[in-house]
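In order, the protein sequence lines correspond to chains A and B. Using my numbering, you'd call the opening residue of the first sequence number 41 and step up by one each time. Using my numbering, you'd call the opening residue of the second sequence number 2 and step up by one each time.
Keep in mind that a hint or two might mislead.
As the list claims (entries may be wrong) - The calculated lysine-lysine pairs, modelled on BS3-like cross-linking and capped at a C-alpha distance of 30 Å, are: (1) Lys-155/A <-> Lys-474/B; (2) Lys-54/A <-> Lys-155/A; (3) Lys-41/B <-> Lys-29/B; (4) Lys-49/B <-> Lys-216/A; (5) Lys-200/B <-> Lys-238/B; (6) Lys-144/A <-> Lys-49/B; (7) Lys-166/B <-> Lys-15/B; (8) Lys-474/B <-> Lys-54/A; (9) Lys-29/B <-> Lys-166/B; (10) Lys-41/B <-> Lys-166/B; (11) Lys-176/B <-> Lys-166/B; (12) Lys-176/B <-> Lys-200/B.
To be verified - So these bits of chain B aren't anywhere near chain A, every CB distance computed over 12 Å: (13) Leu-138; (14) Leu-149; (15) Arg-191.
Derived by calculation from the structure, the hints in this document are not laboratory data. Even for Gly, the Cβ is constructed at its ideal location relative to N, Cα and C.
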Amino acid sequence: MEYAQGFSRDYPAKPADVYLFATCLVDQFAPDAGLDTIRLLEREGITVHFPQAQTCCGQPAYSSGYPDQARAVARQQLDIFPEPWPIVVPSGSCGAMLRHDYPKLFAADPVLAPKARALAERVFELTEFLVHVVGFAHDDSGAPCTIALHTSCHARREMGCHETSAALLAGLTQVKVTGQARIEECCGFGGTFSMRFPDISEAIVSDKVDSLRATGAERVVSADCGCLLNILGRAAKLDEIAGRSEATLPGEHIATFLWRRTGGEPS
Amino acid sequence: MSQPIRIHAARDFKERSLAALNDPAQRKNFRGAMDFLQMKRRAQFGDKDELTTLRDLGEAIRRYALANLPELLEQLERNLTANGIQVHWAETADEANAIALGIARRVDARLIAKGKSMVSEEVGFNHAMEAGGLETLETDMGEYIVQLAGEAPSHIIMPAIHKTKQQIAALFAEKIPGVAYSEDVDTLIRIGRQVLRRKFAEAGIGLSGVNFAVAETGTLFLVENEGNGRMCTTVPKVHIAITGIEKVVARLEHVPPLNSLLPRSATGQAVTTYLNLISSPRKPGELDGPEEVHLILVDNGRTQAYGDLQLRATLQCIRCGACMNHCPVYARIGGHAYGTTYPGPIGAIISPHLRGLEATYPLSFASTLCGACVEVCPVRIPIVDLLVRLRNEAQAREGSADATLRGSGAARTTLVSTIWNGWALIYSRLRMYRITSWFMSRGRAQSPVEQGAWTRSRTPLTPAPKRLRDLIKETNQ
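Just chain A, with the same shape it has in the complex (with noise of 0.2 Å):
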C-alpha cells in the first residue's frame, strides 16, 4: 500500500493484447460495463482477451479473515493470464487485490509468491490504464451534463485512480464534474462489514447520497462497482420509501459513461 506516498510506477508502451479480469460482480451484476471496457480499449487498436476461466479475486474472503478460502480462489486466477500482456481491471478495489495484497497472500509459498509478484506487477485499473498506457483522447460528443465521480477507498487509497478518474472526466468538454462534500470518504460498503454491521454502513452510505445528491449533479460515477451498488441501492431505497418513481441519483461505471460520451452506441 503506497498511501499518499505518490503512486509512481513504470508504464509500458501501448501494447497490441491485454487481459482483461472482468470481476465477478462485473461479470454477473454489472456486464454492460465488462463490455464497454473492452469497446474503450478495442477501439484503441488493443485486442482484448478474456480468460474463460476467471471467477473472483478472492477479496470477500480475504477481508474478511479467511485467508485459506481466498487463497484457494486467488490460486486460480494466477495461471489463467499466461502471457506477458497488461492485466486491465475495470474496478480499483479488485485491481488493488490482485496488485497489493496477492503478493502478501502468497508471501510465504516458495513457489506460488514469484507468480504473484509477477502478476501484481501487470495489473492496472481501468482509467490508469486509459490515461498512462493508451493515452485516451476523444471528443466529447454528448449534450452538456453535470456530473458527481464517486472514487472507491481502495481506487483512491492503493492505486492512485482518483486521479486518472478525474482526468478521463476533464477530457470530456460537456461534462461538468461538481464538487462534493467529504469525496475522499468511504461510501460504508466494505464488503461483508455492509452485512456485519448493517446500522453503521446504513449511516454511513446515508450520507454519502446525501452529499451526492446536494451536488445537484445529475448522476454519478465510478470506477467501482461494488460502491456503485451500494450508493445506488441506497439512494433508489430511499426513493421507494419516499414513494418516488423516478431514481433521484442514477449512476453508471465509468467505462460506460465514456464509451456513450464519446461516441460509442450504448450497450
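Please build the complex by placing chain B on the supplied structure of chain A, with the hints as guidance.
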C-alpha cells in the same frame, strides 16, 4: 474463552453502536469535531513532500526503537536512575496500580492531581486509587469534565469531545457548588480552572503520562496545552509518570521529528503550548520541582504484540488520534461505543493485546478497511493489514498455525466457516462458478426480495440477464 463472553462482546458492541447511531445530538458533535480536526490537520500539512519526509523519519525512528526495545529499555532505566528518577516495571494493570498505591502510602498522600494519561485510563488507575482510599482529580479540562460526569474519555486526545457546551454548562452547575449555569466557553474554562488551581497545592502526588521516554538521556518528554501537566509534574512533592513500554525512543534527536508530527496530526497545531522535558527530581539548591520522580513502565499485554513481527507495528503508535479523526465508523458511533480505553482504528488494533480477542474481536470487524487511517498515520502503521490479520486470528481454528494470540478463535462459528468454505468451493472451481452464476442469471426473476441486512437499507441485488462471459462468447461467435 467461554461461549458467553464471545456472545457478549459482539452483542454489546452492536448495542452500544446502535445507541450511538440513534443519538442525533451526539452524532452532530462528533461529525462537526471530526470535520474541524481534519481541516486543521490538512492546513498543517500543505507541503506534501515535507509530510512524506517527516513520515519516513517518524516511521523509521519508531521502528528503530522497537527493533532495539529490550536494550533501549535497559538503557532508559540506567539513565533515569542515574538522574535520580525511580523506575518501576509493571507487567499488569494491577501491578501498576499497586506500585502507585505503595508510593502514595509511603508519602502519606491523600490526593493525586492527574495530568492527562491514557495509560492511567487503561489500567483503571482512578478506580484503584479510590478503592485504596485516595482521591484522584483529573486536571486536563476535558478529563475533568468526563470525571465530573462519571464517564470515560470518548477520544484519546479530546476526552469530552462528545459533549456540547450546553451539556457541560449543566454539568458544572449541577456538580460544582456555587456555580451558575453559563454556556459561555471562557466562563466555563475559568470555573474549571479555579477549582483545579486550589487543588494543585493540596495534592501530595502529581501523575502524568509520557509522550516519549528518551533512553540516551533518561528524559521524559511530555506535551500539553493547558499548563496542568507542568503543574502536576512540578507542584506536588512526588511526581509519578506512567506509560507503556513502547514509548521509548533511542536518542534526544529523535524527539523533534516525532514532536513535529504529533500535534500537527492530532489537533492541527504547529506546536503544543507546553513542552516538558523532565530529567530529574528537584536538585539541591533548586527552588521548585518534586522531591521524588517515579516512572512506571507498563506492559499490560504489549509484549504479545511485540512478539509478532507483523503485529509489532501496532506499537509504533504515538497516540495522536488522527486515525479516529478520519475514520468514517468512529465519526458515526463515537468513542464510547468501542467499549475500550482506546477507540477508533488504533483501539481496534491495540485492544486485543491489552484485553484479549474474546472481549475485543468485534472491533477489528467494525471497519470498512477504507484505509483513511493508514493515509494519515504519522508513523505509517499498516492499520488495514493489521485489522485483516486480527480478523484471521479471531476466526482461526483452535490449535492451527494462525491462532497465535490470546483469545484467537473467539469469533469463529461453524456457520460462518461453512459459508466461506462453500464460497471458496464455488469460486475456486470454474465449473462450480459457471453453474452457480448461470443459475443466478437464469433465476434472476426469482432473486430474493429479502436479502438480509442488504435489503434493509438498499434495493435488492439482481443478477444481469446474461453474464459478461456469455455476452463475450456470443460476440465472438
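Tested hints:
1. Lys-155/A <-> Lys-474/B: Measuring from Cα to Cα gives roughly 28 Å; hence the hint holds.
2. Lys-54/A <-> Lys-155/A: Judged against 30 Å, a Cα distance of about 23 Å means the pair holds.
3. Lys-41/B <-> Lys-29/B: holds, 18 Å
4. Lys-49/B <-> Lys-216/A: holds, 28 Å
5. Lys-200/B <-> Lys-238/B: holds, 13 Å
6. Lys-144/A <-> Lys-49/B: holds, 28 Å
7. Lys-166/B <-> Lys-15/B: The given pair, whose Cα atoms are some 28 Å apart, holds under the 30 Å limit.
8. Lys-474/B <-> Lys-54/A: holds, 26 Å
9. Lys-29/B <-> Lys-166/B: Given pair Lys-29/B, Lys-166/B holds - Cα atoms ~13 Å apart, limit 30 Å.
10. Lys-41/B <-> Lys-166/B: Given pair Lys-41/B, Lys-166/B holds - Cα atoms ~21 Å apart, limit 30 Å.
11. Lys-176/B <-> Lys-166/B: Answer holds: Lys-176/B to Lys-166/B is near 15 Å, not above 30 Å.
12. Lys-176/B <-> Lys-200/B: holds, 16 Å
13. Leu-138: holds, 36 Å
14. Leu-149: holds, 30 Å
15. Arg-191: holds, 36 Å
Every hint, counting from the list given before, is met by this structure.
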